[in-house]
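Colleague: From just these sequences and the hints, can you work out the full model?
2 protein chains.
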Amino acid sequence: MAGNREFADRLRELSSERNSVLCLGLDPALPRQRDKYVIPCKYVTESDDNEARLKFCRDIIGLAADFCVAVKFNEQYLRGLTADCHKELAYLVRGLGMLSIYDCKLGDIGDTVESAVFHISEWGYDAITVNPLPGNLEWVVKVAHGRDPPLGVLALTLMSNPESERFMKSATVDGVPLYLVVAQDVRRYGADGCVVGATGHVTGLDIRLVREAAGDDKVLLVPGVGTQMGDPEKVFRFGGESVLINVGRDIIYSEDPRRKARKWNDTLNEIRKRIH
Amino acid sequence: MAGNREFADRLRELSSERNSVLCLGLDPALPRQRDKYVIPCKYVTESDDNEARLKFCRDIIGLAADFCVAVKFNEQYLRGLTADCHKELAYLVRGLGMLSIYDCKLGDIGDTVESAVFHISEWGYDAITVNPLPGNLEWVVKVAHGRDPPLGVLALTLMSNPESERFMKSATVDGVPLYLVVAQDVRRYGADGCVVGATGHVTGLDIRLVREAAGDDKVLLVPGVGTQMGDPEKVFRFGGESVLINVGRDIIYSEDPRRKARKWNDTLNEIRKRIH
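Protein chains in written order, with my numbering: chain U, 0 to 275; chain D, 0 to 275.
Hint data in this document are derived by calculation from the structure and do not stem from the laboratory. You can take every hint at face value.
One copy or two, either will do: identical chains are not told apart, so a pair holds if it fits within one copy or between any two.
Calculated cross-link-like contacts (lysine-lysine; reagent style DSS-like; alpha-carbon spacing at most 30 Å):
1) Lys35 - Lys259
2) Lys35 - Lys262
3) Lys35 - Lys141
4) Lys262 - Lys54
5) Lys168 - Lys233
6) Lys86 - Lys35
7) Lys86 - Lys54
8) Lys41 - Lys86
9) Lys141 - Lys86
10) Lys259 - Lys86
11) Lys141 - Lys168
12) Lys35 - Lys54
13) Lys262 - Lys272
14) Lys233 - Lys259
15) Lys233 - Lys35
16) Lys262 - Lys41
Modeller: The following block contains the structure:
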């Protein structure tokens, strides 16, 4: 049972039990939404977008579960899903022994944070991602950890898109780049971890500095591996042990998601063993 | 008809037609969610949270419509609502001759922005709020304005919670405070406006600097008036003409929402006339 233990601890334990640092990234795009990387047609015979996305997610989670330790659901692809659908997804992940992350990039204040956490926690997810711009990580952690069971908090610390460099790295508070102030806040306010990109302008040194500022016990959730060609070696070398690597499209839209998930898990474990 | 004109232009025209700068802020909290400021019990006889929130929003919009120019829906209170419910709300607002803002504080990158905009635009809202931390306002505007009809973009520029001072005002890029860099981006990339608080550390000078950086044609959406005691006089004096004042709780949870909306609109119009 999850109990009241914190997300980072539970993840570390599960990661060791399941021999995996792989997080399955679910971005279920509808076929009318774009040209490629979409849900296969067989799901979309329904006239119901929610049913289509739910079935697709259920199937992929079932296929990949043996090789993953967590599942990240991207809110931007799940918009319009009902509370019941969210509950089904969160409980499916839990039932298979993994942790669930609702990637909603929550960036709000006061009561509004409480409302978001109320809903997402009721749905049963284990953690959320948080946008730190309102500066109130302390409050977000207080509200999220105050739920029963506590909801984990992973703060967007350094994104990998080229434009993020301006506000996250070039912007400084008292001479310290914003991303390191966020990583310090994660430690100071007891958040569960940092979201850090693995491509573009994000260097090995950046990852090391985030790790040092946030502390060894925090999760580094690293998206952008797989289709976006992030470098897992860099992540393990500079990010230390408590790392969670998110692979989305390269698994979920492949011909054989199970085989792909196994392959990614093997690859990540090989690199990890070589480095640590 | 809305046609392809931009949000800021449509708002200016409607504001003059309807003699209102009042934006109705809808934050429908469920009674089990907190102790006060919740949906009245009569709506909650349903076992269905969505039906309860939908009916409440429909009623309040109907009651307040004569005195407002826009309705802002706060995503954190609408979580779990289906696409059909969203469509109903957005079309109701449009049918009553107002504009709708989906306050989702979108802060994402690449394809994920496209996915969010795809859904929210399909629901029929006229504008979204955007968290500028990923630094990609140019891309967000491109994607949102590329929809038919275009989806307006209002960037979170300066929030009023005390903690936001650290990242929005104290953080600087090349010596310029972050909030002014965001306001400059709003002008440079053709976004529709800025979200600016009216309480706490936000001074009249801050509001004037945002207006100067963003340009006179942009909307300043100002939450925090009403229960949060923001000062509308300061906003009109320093924010100029294209201003949209959001009042939420003080209207929606009052005994007589219609009377309250009328009173707020009268009050705001009096102050406006006195100042401009």
